Amino acid sequence: MKVSKLWLDKFFDNALPNAEALAEALTFHAFEIDGVEKVGESDSPKDWVLDVKVTPNRGHDCLSHRGIAKELSAILKIPLANDPFLDKSDLSKQTAEVTVDIHRTALCKRYIAGYIKGVAVGPSPEWLKQRLAAIGQRSINSVVDATNFVMFNTGQPLHAFDAGKLGSLSLGVRAAQDGEVMIALDKKSYTLKDSMLVITAGDVPVGIAGVKGGMPAAIDESTKDIVIESANFDGVSVRKTAAALKLRTDASTRFEQVISPELAAFGMQSVVELIQKLAGGELAGFVDAYPEPQKPMYANVTVEKVNKILGTQLTGADISDVFVRLGLPYKEQDGVFEVTVPFERLELVIAEDLVEEVARIVGYDKIPAAPLPAYGRQPEINKNFAAAEMAREELVQQGYSEVFTSVFADKGERMVLNKVDSVRPYLRDSLVPGLTEALAKNKPNKDLLGLKEIKLFEIGTVWRDGAESVMLGTVTEKQKASEKTLAPADASAYGALPLSTATRFEHFSKYPYIVRDIAMWTSSTDNEQQVQQTIQKEAGPLAVKVSLFDAFSKEGRTSLAYRIVFQSFDRTLTEAEVNQIMAKLSLILVDKGFVIR
Amino acid sequence: MGFTFAEGPLLESEWYNFDALNFPKDHPVRDMQDTFYIKDMPEHVLRTHTSNVQVRYMEEQIKKGIQPPYRAVSMGKVFRNESTDMGHEAEFFQIEALVVGTDITLANLKGTLALFFEKIFQGSVEIRFRPSFFAFTEPSVEIDMRLTGEHIPEKLRNKWMEMGGAGMVHPNVLKNAGIDPKKYQGFAFGFGIDRLAMLRWGIDDIRYMHSADLRFINQF
Numbered sequence: 270m271k272v273s274k275l276w277l278d279k280f281f282d283n284a285l286p287n288a289e290a291l292a293e294a295l296t297f298h299a300f301e302i303d304g305v306e307k308v309g310e311s312d313s314p315k316d317w318v319l320d321v322k323v324t325p326n327r328g329h330d331c332l333s334h335r336g337i338a339k340e341l342s343a344i345l346k347i348p349l350a351n352d353p354f355l356d357k358s359d360l361s362k363q364t365a366e367v368t369v370d371i372h373r374t375a376l377c378k379r380y381i382a383g384y385i386k387g388v389a390v391g392p393s394p395e396w397l398k399q400r401l402a403a404i405g406q407r408s409i410n411s412v413v414d415a416t417n418f419v420m421f422n423t424g425q426p427l428h429a430f431d432a433g434k435l436g437s438l439s440l441g442v443r444a445a446q447d448g449e450v451m452i453a454l455d456k457k458s459y460t461l462k463d464s465m466l467v468i469t470a471g472d473v474p475v476g477i478a479g480v481k482g483g484m485p486a487a488i489d490e491s492t493k494d495i496v497i498e499s500a501n502f503d504g505v506s507v508r509k510t511a512a513a514l515k516l517r518t519d520a521s522t523r524f525e526q527v528i529s530p531e532l533a534a535f536g537m538q539s540v541v542e543l544i545q546k547l548a549g550g551e552l553a554g555f556v557d558a559y560p561e562p563q564k565p566m567y568a569n570v571t572v573e574k575v576n577k578i579l580g581t582q583l584t585g586a587d588i589s590d591v592f593v594r595l596g597l598p599y600k601e602q603d604g605v606f607e608v609t610v611p612f613e614r615l616e617l618v619i620a621e622d623l624v625e626e627v628a629r630i631v632g633y634d635k636i637p638a639a640p641l642p643a644y645g646r647q648p649e650i651n652k653n654f655a656a657a658e659m660a661r662e663e664l665v666q667q668g669y670s671e672v673f674t675s676v677f678a679d680k681g682e683r684m685v686l687n688k689v690d691s692v693r694p695y696l697r698d699s700l701v702p703g704l705t706e707a708l709a710k711n712k713p714n715k716d717l718l719g720l721k722e723i724k725l726f727e728i729g730t731v732w733r734d735g736a737e738s739v740m741l742g743t744v745t746e747k748q749k750a751s752e753k754t755l756a757p758a759d760a761s762a763y764g765a766l767p768l769s770t771a772t773r774f775e776h777f778s779k780y781p782y783i784v785r786d787i788a789m790w791t792s793s794t795d796n797e798q799q800v801q802q803t804i805q806k807e808a809g810p811l812a813v814k815v816s817l818f819d820a821f822s823k824e825g826r827t828s829l830a831y832r833i834v835f836q837s838f839d840r841t842l843t844e845a846e847v848n849q850i851m852a853k854l855s856l857i858l859v860d861k862g863f864v865i866r
Numbered sequence: 533m534g535f536t537f538a539e540g541p542l543l544e545s546e547w548y549n550f551d552a553l554n555f556p557k558d559h560p561v562r563d564m565q566d567t568f569y570i571k572d573m574p575e576h577v578l579r580t581h582t583s584n585v586q587v588r589y590m591e592e593q594i595k596k597g598i599q600p601p602y603r604a605v606s607m608g609k610v611f612r613n614e615s616t617d618m619g620h621e622a623e624f625f626q627i628e629a630l631v632v633g634t635d636i637t638l639a640n641l642k643g644t645l646a647l648f649f650e651k652i653f654q655g656s657v658e659i660r661f662r663p664s665f666f667a668f669t670e671p672s673v674e675i676d677m678r679l680t681g682e683h684i685p686e687k688l689r690n691k692w693m694e695m696g697g698a699g700m701v702h703p704n705v706l707k708n709a710g711i712d713p714k715k716y717q718g719f720a721f722g723f724g725i726d727r728l729a730m731l732r733w734g735i736d737d738i739r740y741m742h743s744a745d746l747r748f749i750n751q752f
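As you go down the protein sequences, you meet chains A and B in turn. Take the first sequence: its letter number 290 is residue 559 in the numbering used here, and every next letter is one higher. Take the second sequence: its letter number 17 is residue 549 in the numbering used here, and every next letter is one higher.
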């Protein structure tokens, strides 16, 4: 979620430390930060925006500036001066002009309607435009901007209807009828299904619950009276609806994380105040349909439990400090902390949840590193792994290389439903095609690799005859690819395969190479290696590999034949330039007394 | 150290890949993993992590009448439905460890990770945790590692690197495996093996791993 630094500052008496410091505080105590961006001129930025990766367990409370401000308050030990959740919300002024009927209470825990008459809709003030622009939101008009601002401020999605265009002030929340059509605020027409929830006015759909409002009751400059919705919709239902309609909105992403129905009251209170400030109007009153209010939530943890999980030696005072900073009211008795969970912190349920709160606020750097305690059991030998290791050992000794090819194939028994790239949509039923392809791919590089023959094996999973099994497949230039089931090995210990001695990966050239052979008579005093080094040196840097491929002696002389592979890292070599290098090399070798054959 | 090599299938039931690991159904938590589903096999997925082995292994032990302590390690192919580039592959390798006992702590996790990386990178290692979220651990952490010492290549020396995720096994996961979470607790960690290899040998493109190209493979 995009979070504005200036926006956060408003929750505190004094401006917060700079954006980098905030990013660091959040990174080590709350959330990953995907980036920090300046807003406005780069030499005199107006604001900084942090892209906070709110984890799914904190979607209840932290997809809002208030949530992030609260976190920073706890981490940096700076009290929150202006907390919109602190004062009890007041929805006592009621109106009989609007009615709300929730038909599906399982999917709508609360629906508050607020009725304001006589607003004057106009452009938003500069400060509001700036706040919204900083987090990538377009300003529309004062009323719509107010609902958006409060959503990004508190986390409660809100919607404003033009009461005059609603047709009826009898609002309902019901399942859509199959095939019912609604034109949404994006001017697109959506065909609904009975699994979706709609908001109705006089039984006509005026909004897709928790996802998007309808076009016909959109707010514009001519709007006089408005009905504001602050509601709580079921997360799973909203998620499925948004997915089915391919319409994910800032509202739907908040509902699908599940938010507290208590939040709706605070959202309503804030937005009514802001709208009246920006667009005037008179509050006619509220209707609050809230059949089953959220029950108080408690969670317990002991000092002992905290230390037993973390391996720390924290005291009751350390834990108290964390709870005070996080604004978690608690009672403590004999080392037991009973926390009254704030309404928005729906994820705090079990002791371990509170242990995590302690750990991250105290700081994970305070967790010591300790070795594992003594362990009496012997590890069991995994027979499949033992078989794989034995096969590896044997084949590597025979000069095979191990490859991994993809499990995705052009054909097979099992098909993947949703492959993004949609190529090779099946799960392989054999290792043979992959190995055959791998052989063909490696064959042209044989000289470069310095191999006499390409020999490959793969130990891999296939799906065949309705089962998943692990196969051992081999292929060489002489023998077609074949495979067999890797039978479990009855081993009592794993073999000791040698570890790789490689230190760094060396890049290889993408360009084709050219091969030349050179053979010469040498005297008995010449040694193969010295000759090879001479060739390597004189053939120059384009000679990437020099290897002896033939040697024989006759009448006191030894014939040595070398294969030279030429390749460049940045271009395709031409025959002509390699011929030139070879001609030069021959002259040098002759000069050194060798007889070129 | 007593770790047993444990296995599980690649084509896995949603129960072992998600539900048993405390992933709520129809929840954005499942979006974190871009999952491959299989035609005509409802409630089955290509496993998104080696963590499917956790509950399988513990269940097997309970069936044999063996209560914790447990130490298990598993590794193998895992899948994410995403487009591939230098840093991402739809199929890659993971290694995972699970330790359960009466007294296994987050401090033991830190100590074990340091040892693991010291052996892999053959150097002195510092471990740093950052808060995170995984459905199957509570608390959950991201693991950063820093290598120190003269012999460590300069590109890696003294730099914090993100390695993977870890945490204390969620009580619901133990419960789902038939273990009493009031009596036992433990930790689990998991990383991409490809990424470990890339750091260890300075490999800059994960796609080499499945290339079957001996110009790459025969270097090791």
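Read the hints as simulated data drawn from the structure, not as lab findings. Computed from a predicted structure; not experimentally measured. There could be a bad hint or two in this list.
Stated by the list, open to error - Straight line, CA to CA, 20 Å or less: simulated PhoX-like cross-link-like pairs of lysine-lysine:
1. 749/A - 715/A
2. 651/B - 707/B
3. 715/B - 652/A
4. 577/A - 651/B
5. 509/A - 557/B
6. 747/A - 712/A
7. 434/A - 398/A
8. 515/A - 688/A
9. 652/A - 715/A
10. 853/A - 806/A
11. 574/A - 609/B
12. 457/A - 509/A
13. 714/B - 577/A
14. 462/A - 546/A
15. 747/A - 715/A
16. 434/A - 462/A
17. 462/A - 509/A
18. 546/A - 493/A
19. 688/A - 609/B
20. 307/A - 271/A
21. 577/A - 707/B
22. 680/A - 691/B
23. 574/A - 651/B
24. 853/A - 814/A
25. 688/A - 651/B
26. 710/A - 652/A
27. 398/A - 271/A
28. 652/A - 557/B
29. 721/A - 688/A
30. 307/A - 279/A
31. 346/A - 315/A
32. 712/A - 724/A
33. 714/B - 574/A
query: What hints, given by number in increasing order, does this structure fail?
result: Of the numbered hints, 2, 3, 4, 7, 9, 11, 14, 16, 22, 23, 25, 26, 28, 29, 31 do not hold.
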